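Q: One-letter residues, chain by chain:
Number of protein chains: 2
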Amino acid sequence: MPLDEEKNGACVRSIYVNNPHLDSMTDDILYHFNLGTSTHDLPAMFGDVKFVCVGGSPWRMKSFTEYIAKELGLSGTNAEYPNICAGTDRYAMYKVGPVLSVSHGMGIPSISIMLHELIKLLYHSRCTDVTVVRIGTSGGIGLKPGTVLITKQSVDSVFQPRFEQIILGKPVVRSTELDGELAEELLQCGKDLAEFDTVIGNTMCTLDFYEGQARLDGAFCSYSEEDKQRYLAEAYAAGVRNIEMESSVFAAMCKLSNLRAAVVCVTLLDRLKGDQLTSSHDVLKNYQERPQALVGHYIKKKLKDSKKS
Amino acid sequence: MPLDEEKNGACVRSIYVNNPHLDSMTDDILYHFNLGTSTHDLPAMFGDVKFVCVGGSPWRMKSFTEYIAKELGLSGTNAEYPNICAGTDRYAMYKVGPVLSVSHGMGIPSISIMLHELIKLLYHSRCTDVTVVRIGTSGGIGLKPGTVLITKQSVDSVFQPRFEQIILGKPVVRSTELDGELAEELLQCGKDLAEFDTVIGNTMCTLDFYEGQARLDGAFCSYSEEDKQRYLAEAYAAGVRNIEMESSVFAAMCKLSNLRAAVVCVTLLDRLKGDQLTSSHDVLKNYQERPQALVGHYIKKKLKDSKKS
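Chains A and Y supply the protein sequences, listed in that same order.
Residue numbers for the first sequence follow the numbering used here, beginning at 1 and rising by one.
Residue numbers for the second sequence follow the numbering used here, beginning at 310 and rising by one.
There could be a bad hint or two in this list.
[Claimed, not checked] Computed cross-link-like contacts, DSS-like style, restricted to lysine-lysine with a CA-CA straight-line distance of at most 30 Å:
#1 Lys285/A to Lys170/A
#2 Lys500/Y to Lys616/Y
#3 Lys611/Y to Lys537/Y
#4 Lys300/A to Lys152/A
#5 Lys152/A to Lys479/Y
#6 Lys285/A to Lys500/Y
#7 Lys616/Y to Lys255/A
#8 Lys300/A to Lys285/A
#9 Lys170/A to Lys582/Y
#10 Lys461/Y to Lys170/A
#11 Lys62/A to Lys537/Y
#12 Lys479/Y to Lys273/A
#13 Lys479/Y to Lys228/A
#14 Lys479/Y to Lys144/A
#15 Lys404/Y to Lys62/A
#16 Lys170/A to Lys564/Y
#17 Lys170/A to Lys616/Y
#18 Lys500/Y to Lys594/Y
#19 Lys285/A to Lys371/Y
#20 Lys170/A to Lys537/Y
#21 Lys453/Y to Lys170/A
#22 Lys564/Y to Lys228/A
#23 Lys371/Y to Lys95/A
#24 Lys255/A to Lys611/Y
#25 Lys95/A to Lys228/A
#26 Lys50/A to Lys62/A
#27 Lys62/A to Lys371/Y
#28 Lys611/Y to Lys95/A
[As the list claims (entries may be wrong)] Computed beta-carbon distance windows for the label pairs:
#29 Asn327/Y to Pro43/A: 19 to 27 Å
#30 Asp506/Y to Val199/A: 51 to 59 Å
#31 His281/A to Val321/Y: 35 to 43 Å
#32 Leu193/A to Lys582/Y: 48 to 56 Å
#33 Ala503/Y to Gly87/A: 30 to 38 Å
#34 Glu535/Y to Tyr223/A: 39 to 47 Å
#35 Asp48/A to Gln497/Y: 19 to 27 Å
[As the list claims (entries may be wrong)] A few chain Y residues that don't get close to chain A, going by computed Cβ distances all over 10 Å:
#36 Ser384
#37 Tyr390
#38 Asp526
#39 Asn595
Worth flagging that the hints you see were computed from the coordinates, not collected in a lab.
Predicted, not measured: the structure shown is a model, and the values here were computed from it.
For each residue, glycine too, the CB sits at the ideal point set by N, CA and C.
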């Protein structure tokens, strides 16, 4: 399939599924969404989707939907957005206009299941020109808590921009390259808003929140404060400004399926100064609203531009 | 700390935290549970816990609590079990008598965060003699769907009983040994019940549901049906009878913290015959109730034995 197809004279960016077996299936059950091609009219339900926002917490994805509905003037009085995946508790999914919002739980395996089924959902729905943004939380390195970081490169625990996928017991290395132009556009949105600090930097993606991120407060810890500081200083020197647990497989899978993708995470604390989240509930809540404000601004801007052209 | 301590003449099995930093912390915030040592009286809330059941789905862990309350005669009329972690949507936690029930989401990173905080919770609560059982769902290899499998060894994608933890960027290999005696006791419970097939076998734990488990129905697939069958046949030859996504880190972390641990998963399909979950909702629901029936029977038996002695 070509990267971009001509359709009615306009250049259209299609979604790839790199799986020859799918075409021979009469039905495709998206088990963890409780949706399927024979039980649901996916093109009717999702064909108009242009933006997908994903995040760990189902509550946050619901609140994002309410927020974006208001921003786009699409919320009626007492508008309620039903959870499209109400038949399962694995993920939650909401839709308002061209914006789909999906939760992905915590960690690479959890977001990977969601992305396999999301990519197939967008493909079966014949969506085109879709932008996917992960809005999340993270630990910062050398940044003021509350800073919003747009990921330049997602790197592994030795600061390399790669994701290792095990296939039939063998490792296959995939690129974690994200869309540079989109990252710059999002940075500009942060400047437009001027409500909080927004920066671009590298994001380290780990398989674990405690030992994998050099925390001293897990159930197990075999290293010293000095070891921790040395490791975080090495990460900083490699351009890493925050740490989270989903960006590498997110970048790799979006790239493979030709989806324009970005990662926008707020930093809840500065890991150079501590490990525990001691800020008040209200402060943390305010921080968590920042990525959604930034991405909401971006979506509004894009929809305004597309109406003009 | 010794493996077993003498307390009032009785042999007591303590919980380990292998982290010297914890003792110097004035407060410990269990962030993903929304609990903490300075905000909650953990020994009063959890000191009597003897059994912890963990599973991916919050709904299933709630239903397990209702089931075990009834089985143990601890449920009043219209009994309601509040979610102890109601302040967060990361995990759900319920308690009835000596039984704690906690959800862990999907995949190694998600269960690992939960286990770090659970182990610290049990430690801070000064719990002793705790048994932890993961009750879950899985794909079977060469087993009739609905079979309940008790894990002998949790193995990785090349069928080795090990879990690789990255610490400060370097891999540390941990044993995934589970309690053999507990597994045999659980097998006996399956025989007592005689309601479904219960077997002991090895469990393969993967980081991914689609490519990592040789499925042909993901968004990406670079191998043939023959490649898939060859890989699953190799797994079968190595004693693997089911595949899931949490057992290796669960086994490793329970072993490190001196918790008696078992993994009891029902197989929802036979992967040699297909990849999609095509069974009806009711059939799958019935399958998912089997691990909870088996573990419920075990807990009842143990509590009866302890009253006798």
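Q: Taking the hints in turn, state whether each one holds.
A: Do the hints match the structure? See the list:
| no. | hint | in the structure |
| --- | --- | --- |
| 1 | Lys285/A to Lys170/A | violated, 41 Å |
| 2 | Lys500/Y to Lys616/Y | holds, 23 Å |
| 3 | Lys611/Y to Lys537/Y | violated, 42 Å |
| 4 | Lys300/A to Lys152/A | holds, 23 Å |
| 5 | Lys152/A to Lys479/Y | holds, 24 Å |
| 6 | Lys285/A to Lys500/Y | violated, 50 Å |
| 7 | Lys616/Y to Lys255/A | violated, 60 Å |
| 8 | Lys300/A to Lys285/A | holds, 23 Å |
| 9 | Lys170/A to Lys582/Y | holds, 23 Å |
| 10 | Lys461/Y to Lys170/A | holds, 24 Å |
| 11 | Lys62/A to Lys537/Y | violated, 38 Å |
| 12 | Lys479/Y to Lys273/A | holds, 23 Å |
| 13 | Lys479/Y to Lys228/A | holds, 13 Å |
| 14 | Lys479/Y to Lys144/A | holds, 28 Å |
| 15 | Lys404/Y to Lys62/A | holds, 28 Å |
| 16 | Lys170/A to Lys564/Y | holds, 27 Å |
| 17 | Lys170/A to Lys616/Y | violated, 51 Å |
| 18 | Lys500/Y to Lys594/Y | holds, 21 Å |
| 19 | Lys285/A to Lys371/Y | holds, 27 Å |
| 20 | Lys170/A to Lys537/Y | holds, 13 Å |
| 21 | Lys453/Y to Lys170/A | holds, 28 Å |
| 22 | Lys564/Y to Lys228/A | holds, 25 Å |
| 23 | Lys371/Y to Lys95/A | holds, 28 Å |
| 24 | Lys255/A to Lys611/Y | violated, 52 Å |
| 25 | Lys95/A to Lys228/A | violated, 42 Å |
| 26 | Lys50/A to Lys62/A | holds, 18 Å |
| 27 | Lys62/A to Lys371/Y | holds, 22 Å |
| 28 | Lys611/Y to Lys95/A | violated, 48 Å |
| 29 | Asn327/Y to Pro43/A: 19 to 27 Å | violated, 53 Å |
| 30 | Asp506/Y to Val199/A: 51 to 59 Å | holds, 57 Å |
| 31 | His281/A to Val321/Y: 35 to 43 Å | holds, 37 Å |
| 32 | Leu193/A to Lys582/Y: 48 to 56 Å | holds, 54 Å |
| 33 | Ala503/Y to Gly87/A: 30 to 38 Å | holds, 32 Å |
| 34 | Glu535/Y to Tyr223/A: 39 to 47 Å | holds, 46 Å |
| 35 | Asp48/A to Gln497/Y: 19 to 27 Å | violated, 57 Å |
| 36 | Ser384 | holds, 22 Å |
| 37 | Tyr390 | holds, 16 Å |
| 38 | Asp526 | violated, 7 Å |
| 39 | Asn595 | holds, 17 Å |
Checked against the numbered hints listed earlier, the structure breaks hints 1, 3, 6, 7, 11, 17, 24, 25, 28, 29, 35, 38; every other hint is satisfied.
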